[in-house]
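Peer 1: Listed here are the chains, written in short residue letters.
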Amino acid sequence: MPPPPPPQLTSGQVPGQTPGFMDPVALTRVKSLHLRARLVVEGFDKGIHRSPYHGFSAEFSEYRQYTSGDDPRYLDWRLFARSDRYYIKKFEDETNLRCHLVVDGSRSMGYGTAGITKWDYARTAAATVAYFLSRQRDAVGLVTFEDRVVEYIPPRARPGHLAHLMAALQREPMGKATDLAGPLDEVGAATPRRGLFVLFSDLLVQPEAVRSSVGNLRAAGHDVIVFQVLDPQEVVFDFDTPAMFRDAESGRELFIDPRSAASDYRKRFTEHAAKVRQECVGVGADFEQVTTDRPLELVLFDLLTIRTKRGRVPGRNAGAGGAR
Amino acid sequence: MSFLAPLYALGLLAVAGPILFHLIRRRPKGEVPFSSLMFLSPSPPPPARKRRIDQLLLLLLRSAALVLLGVAFMRPFLRHDAAAEAGEAGQRVVILIDTSASLKRGDLWRQAVAKADAALAECGPSDRVAVFAFDRTVRPVFGFAESDQLEPQQRLAIARDRLTQLSPTWNGTELGQALIDAAGAILEADTKRGRVVLVSDLPQGVKLAPLTGFDWPAEVGLDLRVVADDRGNAGLDLLVDRSDSERPGEPGHLRVRVTNDANSRTEKFALAWAGTTGADTEAYVPPGESRVVKVARPPAGSTPTLRLRGDAHEFDNALYLAPILREELTVVFVGTDAADDATGLRYFLDRAWAETPERKVVVTGRKPDDPLTWDEVKSAPLVVLAGDTTADNTRTLERYAKAGGTVLVVLPAAGQAVTLATLAGVPPWAVEEAKVARYAMLQDIAFDHPLFAPLSGPQYGDFTKVQFWKHRRIKDLQLGNGRVLARFDDGDAAVLEKPLGTGRLVVFAAGWQPADSQLARSSKFVPLMTALLELLGGRRVTTTNYRIGDRVPLTAGTTAVRKSDGSSVNIARDAPFDGTDQPGVYTADTPTGPKPFAVNLDPTESLTTPLPPEILEQYGVKLAKLENNEQRREAERQQRTAELERSQSIWRWLVLAAVFVLLVETGLAGWRTWSQPQSGSAP
Chain A
1 MPPPPPPQLT SGQVPGQTPG FMDPVALTRV KSLHLRARLV VEGFDKGIHR
51 SPYHGFSAEF SEYRQYTSGD DPRYLDWRLF ARSDRYYIKK FEDETNLRCH
101 LVVDGSRSMG YGTAGITKWD YARTAAATVA YFLSRQRDAV GLVTFEDRVV
151 EYIPPRARPG HLAHLMAALQ REPMGKATDL AGPLDEVGAA TPRRGLFVLF
201 SDLLVQPEAV RSSVGNLRAA GHDVIVFQVL DPQEVVFDFD TPAMFRDAES
251 GRELFIDPRS AASDYRKRFT EHAAKVRQEC VGVGADFEQV TTDRPLELVL
301 FDLLTIRTKR GRVPGRNAGA GGAR
Chain B
1001 MSFLAPLYAL GLLAVAGPIL FHLIRRRPKG EVPFSSLMFL SPSPPPPARK
1051 RRIDQLLLLL LRSAALVLLG VAFMRPFLRH DAAAEAGEAG QRVVILIDTS
1101 ASLKRGDLWR QAVAKADAAL AECGPSDRVA VFAFDRTVRP VFGFAESDQL
1151 EPQQRLAIAR DRLTQLSPTW NGTELGQALI DAAGAILEAD TKRGRVVLVS
1201 DLPQGVKLAP LTGFDWPAEV GLDLRVVADD RGNAGLDLLV DRSDSERPGE
1251 PGHLRVRVTN DANSRTEKFA LAWAGTTGAD TEAYVPPGES RVVKVARPPA
1301 GSTPTLRLRG DAHEFDNALY LAPILREELT VVFVGTDAAD DATGLRYFLD
1351 RAWAETPERK VVVTGRKPDD PLTWDEVKSA PLVVLAGDTT ADNTRTLERY
1401 AKAGGTVLVV LPAAGQAVTL ATLAGVPPWA VEEAKVARYA MLQDIAFDHP
1451 LFAPLSGPQY GDFTKVQFWK HRRIKDLQLG NGRVLARFDD GDAAVLEKPL
1501 GTGRLVVFAA GWQPADSQLA RSSKFVPLMT ALLELLGGRR VTTTNYRIGD
1551 RVPLTAGTTA VRKSDGSSVN IARDAPFDGT DQPGVYTADT PTGPKPFAVN
1601 LDPTESLTTP LPPEILEQYG VKLAKLENNE QRREAERQQR TAELERSQSI
1651 WRWLVLAAVF VLLVETGLAG WRTWSQPQSG SAP
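From first to last, the protein sequence lines are chains A and B.
Sequential numbering from 1 applies to the first sequence in this note's numbering.
Sequential numbering from 1001 applies to the second sequence in this note's numbering.
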């Protein structure tokens, strides 16, 4: 399946400035996460409504080509009549994706300079994905963590589950430090069935910790997509007044003169980001770095793109083409 | 720079606050929360000097605001030279010493001088002191102008010296005006603050009426120093209506009011004429009351003095009387009317001048043809001519008029006015009878002329009820340079006057008898006739009883007045006499001989019971309450300081400056904050 193209720009939108997308800051004015997610998804739909592609249906198709050993009861004879191929009609719950949205609620996520904190951005993105998936009746679960798991909602596709999930995201975190390994291992152990893990975190931890925790999930057979949510200021670091900089998590204070420290910071930050990406990719996870000024629709788009690419991985969805 | 509330200086300690905060907070002011410091290395600390300079400006601004506020609370004021001088000079003190006649009692004057002296001694070296004496008038004894030029010690000595030169007079007590003048003297100064030290026996008879129309200034206090004599006093007063009891030739009596003080210990008094051996008249007057006593008339001859016996104080126990001088005047009437003819002119003329104790007017009639001698008319104040008379008589009248007499010519009927024309020096003409529709009235009356002046008041000047049934016509210029004093409402002259030599010719164009007019029966007739009498030599002075300080009108031509103590005062031409400064019988040297008049004490001076000070307060006078001199000085100093501070109101400017400094500080701090890059928000 070809990857879905980027959402089409509607008339009046200026390319390059992502017009037509919701400004994340403006979106935070909407209190309800559910409504936020709906706005993003509808905006996303609006952008793609003319597209002939309808997402990554191979993953969610109700049909699978018959292989030996399959129960012949589920053969779709009508499709066989049309296509002269054997396809199996799968049960819905079996075909649905089990997606875990893992959102980092540590104190460093509370940082934000563009009018929106990383936490707000991450949970809105998570809500958007949850809304999008639940619209397709996929099972969506939620894990919020700090240095431990704060909230764990197993994936469900029941009506009302989304509201439950939104309510959990609505709560403000009280966390301090970030510990990726512990919570992710804990959730991975609690999820025996294969599923998709979408991690929203600033990943301001040692890259090795990322490797071990994400690697464990991958080892358990889960698909993992890592969104590193960053504040633009964290990337560019363009402060110009010397000041005491206080660590959001540890409370430690340092006197920093940005004029002398910026270049060093950027260098080390870039190195860290590259290392993290490398670690993720190395264990087979997908990695995407987003800043909080990026429209949330694009996050959704990124997710779908990644999934689509993932769908093309040989050996996993072989023979799935032409299912529709 | 001085401060009204220096204790607020403790508030300046608050300046230590910002300094302390600035010292404590040595680290950079801006704290930037950041997600993680894992990529950051600590920078070397900024140069301390620069940081201090930045903070120093804010520190200075904050400290300045606190200092300004603290100083504002201390209520500062500038004690510049003039203010300091005024403040140090403190206040103006007017020592107002009573020199009225009531101070002649006992040792009151000695007490008064002692109290004034004590008041002088109480004045501080910086006080500006003046001494005023008052009785009927206020006299500066030691003025501010003189006082200001002297050293304090010198000033005190001179003021005391002037005090000793004073003595009580015979005048009454015009306390109200004296207080107003004293307060006015204080208010003239720049300081406008002060006190009046009143040294007086404060008798009940003081006159306070002027205070009713005076708004007593709040800045001036009245310090009362009352001298008292507890022996009581009785006084005499002659009741004025002597005409009933003093008719010449009739045995009568004088009515005298005897007043006795409330705190007097005597009730029985005796009245007797000085220098006589006659029986005394007993008078029983309980304390606090007065009685009118009838006293037998004095023996003829010497100028009598009635004395009151039994009173402790002599100053008001004598009553001087001057004999009434009776004038006998003869008015000559030349005309045909009989004295008993009620339709004629003469009949009313006889009755125009009623007999009084001071004057008797006799009208002698002459027929027009009867010869009129010079001796008959030369002393007459008025000659009335009705119609014409002989040429000889006319010459006599002309001579009389030119010698200062008044000839009144009444035109009784139309016809040739020969005598009138001759007297006026014009050719004879035929006088016509005017055509009067119903009646004529007077208009264009010359009220400025002595003839009508007594009727010039608005309540007397209504002549509309004086109707003339008929009159003769005289044209304005027919008498030459005569002046028309009144006209009929048809335009003809009614009363004319033409000067002749030093005398005058007065012409009535209508008679006053009922056939011609209602004039004789109107209320205007008697004043008119009396004024005619007085045209010669002016009004006679008939009053002979005056009080101390009264202005005595003198008969024209009086050259000198001899006082009761034998001294003589020369009188300028036609000037009144203002020197009634002692009781007794005075003698005016008039052209017609010496005329005595008596001057007595103001009877209110005999009312010596002290007036309650509350009465003064009822008139709005602010009494100084503080007895303690030091307390008073301190209170006055504080009040001065407070007033000075209030007038300058420097604290307002300081508060404004503090607000301004705080605004600048806020602006500066805000600008610094905004000039820093936007930092992240803490979770």
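Treat the hints with care, as some may be off.
[Stated by the list, open to error] Here are the simulated lysine to any residue pairs, SDA-like style, with alpha carbons at most 20 Å apart:
#1 A/Lys275 - A/Ser263
#2 B/Lys1402 - B/Pro1450
#3 B/Lys1367 - B/Lys1378
#4 A/Lys267 - B/Phe1039
#5 B/Lys1563 - B/Glu1534
#6 B/Lys1622 - B/Arg1640
#7 A/Lys275 - B/Lys1104
#8 A/Lys31 - A/Lys89
#9 B/Lys1622 - B/Asp1181
#10 B/Lys1465 - B/Gln1443
#11 A/Lys267 - B/Ser1041
#12 A/Lys275 - B/Lys1378
#13 A/Lys267 - B/Met1038
#14 A/Lys89 - A/Tyr66
#15 B/Lys1104 - B/Arg1640
[As the list claims (entries may be wrong)] Computed list of chain B residues with no C-beta within reach of chain A, every gap over 12 Å:
#16 Leu1007
#17 Glu1031
#18 Pro1033
#19 Met1038
#20 Leu1040
#21 Arg1110
#22 Leu1150
#23 Val1362
#24 Asp1574
#25 Ala1624
#26 Arg1672
#27 Ser1675
Quick caveat, the hints were computed from the structure, so don't treat them as lab data.
What you are looking at is a predicted structure, and each value in this text was computed from that prediction instead of being measured.
Positions of the beta carbon are idealized from the N, C-alpha and C atoms, including for glycine.
Peer 1: Looking back at the hints listed earlier, which ones does the structure fail to meet?
Peer 2: 5, 7, 8, 12, 15, 17, 18, 19, 20, 26, 27
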